[in-house]
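Engineer: In case you want the letters, here they are:
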Amino acid sequence: MYLTEEDVREIAAYTRIALVDGEVTDLKSDLNAIIETLKPITQYDLSGVEPTFHPIDGLSNVMREDVIKPSMLRETALALATSTENGQYRIPTILGEGSNR
Amino acid sequence: MSYSNLSIAAIRAGLATRQFSAEELVQDALNTINIRDKVIHAFIELCPELAYRAAEKLDAALSAGEAPPLLAGATIGYKDNMNLEGTHTTCASKMLENYKSPFTATCVTKTLEAGALPLGKLNMDEFAFGSSTETSYFGCTHNPWDLERVPGGSSGGSAAAVAAGMVTVALGSDTGGSIRQPASFCGVVGFKPTYGVISRYGVVGFGSSLDQAGVFGRSVANVAETIDAMSGKDPLDCMSQDAHAVYSSSVGAGVKGMRIGIVRSYVDADGISPEIHNALEDAISKLESLGAVITEVELPNAKAALSAYHVIGPCEAFSNLSRFDGIRYGYLSPNARNLDELYEQSRAQGFGAEARRRIMLGSYLLSSGIYEQYYLPAQKVRTLITQDYHQVFEQVDALLTPTTARTAFKFGEIADPVSMYLSDIFTIPINIAGNGGMSLPVGLGEESGLPVSVQVIGPQFKDENIFRVAAALEACYPDIARIAPDTSGTQQASQAGGSAQDSQVGGSGQSSPQGESAQASPEGGAA
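So the sequence lines, in the order shown, correspond to chains A and B.
Just so you know, we're using this note's numbering here: the first sequence kicks off at 9 and counts up by one.
Just so you know, we're using this note's numbering here: the second sequence kicks off at -18 and counts up by one.
The set of hints was computed from the structure by calculation and includes no laboratory data.
Ideal Cβ placement from N, Cα and C applies to all residues, glycine included.
One or more of the hints may lead you astray.
[As the list claims (entries may be wrong)] Some chain A residues close to chain B (C-beta under 10 angstroms, calculated; not the full set):
id: 1; residue: 9
id: 2; residue: 30
id: 3; residue: 65
id: 4; residue: 67
id: 5; residue: 95
id: 6; residue: 102
Can you build the whole structure from these sequences, using the hints too?
Structural biologist: Take a look at the structure:
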C-alpha cells in the first residue's frame, strides 16, 4: 500500500478538492491500485539515461519578439465569471470572519 | 438526396459545378443528425446558425466565381475540447457546462478558413480522461455499429459522428490513443500527426507534451486534405512546427520499394483478438504483394511506455487542471462560505470522478521524494522509447501494428480504471515518442461483426509515409462499409452517388478478409 487515508486527505487538500464522506476509502483503493501498476517504472536500470521532457528533438526554449499585440478584451474575459465588480473578479472574503484557515 | 457519403473531393466538385449548394449540404447534414443522433448521441451541441452563415458565405463566394477552397462544403464537427467562438466548450464536464468560448482554436479556424461547414461540438470523455466516452458528464455516446457498445474514447463523439455519416470529417485530440482507438472501434480513419504538426492553441490541455489534434474521416484522402488545411507553424503554439509537407499528394504514391516494419511481439501478442491478428497478417501480405519490403523490427522498451504514460499523463493533467478555480470561468459552487471552500467545493463538484482521480494521482507523483521514483524515471524511459523509434526508422519507412487488441467493448464491460488504462496499449508509445500514427479500418470481423483496424506509424515529421501506406492498403479493401447502418428506427434518406472514393459504399456491413472468434481480454496485448 502506497497511500493511507490520511495521505488521500492531504492530497485532496493540496489539490483543492473537497472530499465527501465515504469517498476517502474508495479513492485510497483506486489510487493504490493505479500506483501498483506503475511499479515497473521504478525497476528499470536507467543509470546514464538523460530525461526527455518533450518529444521534439533539438528544441530548446522557444522565444518570441516582445511586441504588444491586441488581446482579449477585459469585458470578454469578465463575461465568463460568475461574479464581477467594477471591472474585476469578485471573490469571497479571504480574511477574518468566514475563513477557516 | 443525401450527401453524407460524399468525399471532400466530390463535394468540392459538386459545388464547383453547382450540383448542390453549401446551404443544401448543411440542411442535409442536420437532417441526418436529427435522425441518427437520437440513438448515437455524438453531439453535445449543434451550431446550425454558424453552419448556415458559413454556407451562405461559401455560396456567395462560389457565385462570385471563386474556386472552392480545399475543404469547401465539408461538414465538420469538433471535439468539445476545441474552442469555437459562439459555442460552448465543455470538455464534457460539469466544470465547463456553461463556458462559452471567447475565442477560436487555431485548428478550428483553419478548417473554417478552408471552407468547412461547422455543425457542432462532439462528445468525449471528461477532459479526455478515458477510452470509452463513458465519463462524459452529458452521457455516453453509442457505437454506430452496435449501440450496446462504446465508441471508444476519448474522442468517441468524433469517431461516431463520422461513422454514422453525420459529418464529412471531425476533429479530435490524441494524448495516448484518443483518436486512433475510437477510430478503430467505429471503423473510420483516425490520424494523429507527429507532435507539433497541428497547433494546440485553443484545444484544452490534458498532457501538454503528449496532446496532438488530428482528424477522423471515412477515407485516407479526406483525412489528408483536412490535415493539409490545418497544419503549419502557429505563433500561438510555441511547439508547433512547419512540416513542409502536402499530405494529400502522398495519397496514391504507392508503397513499391517502401520498407515497412512489423513488430512480431505486437502481431502475436497475448490477448490480441484472432480477428485483429488475422487482419494484420492479411494487411502484411497485401502490402508485400504491392511491392513493399516487409522487415521484422523490435521495440525493446515498448512495455515501459505504458507505465511512463500513466505517470506523465496525470502529472501534466494535474498541472493543466489547476487553472479551474471557479472564479474566472467554470463551475462555481453556490454554498462556499470563503475562498478556500470556493476552490475546494467548486473543484469537487465540477470535476467527475476520473478527473479528480487523475488530478490527485498527478499531485502525488510530483510530490517531493515521489518525483524521483516515478516522474523522473518516466522521462528517462521516454528517452529510451524515443531511441527505439529512431533506430527502427533507420531500418524502415513505416510500421504496421495493431491499433487495439480487440474490437469495441460493451458499456460497463471494463469498470475498473486499471483495466481501462490498458486499452490503449498499442497507441500510447508514439505519444511518448511524438510520432504520428493512423488507425485504418480493414473490414468487419467475421465473428464479431464489428470494425477491425490496423495502425500505421511513421517517423517524426514524415507523416507522408503514413499516408502512402494507408492509402495503398485502403485501396486493397475497396468494399468495406464506411457508414454504419442506420439503427435509429427511422429510414434514412437514400445515399448519394458520386465519384469519390468513399461514395461507393453504403450502409451494409461486409466481412473482413479473415477472422475467427474475438474475445480477448484487454489486459493482454502488452508487447
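Engineer: For each hint given before, does the structure comply? Return the numbers of the non-compliant ones in rising order.
Structural biologist: The structure breaks hints 1, 2 and 5; every other hint is satisfied.
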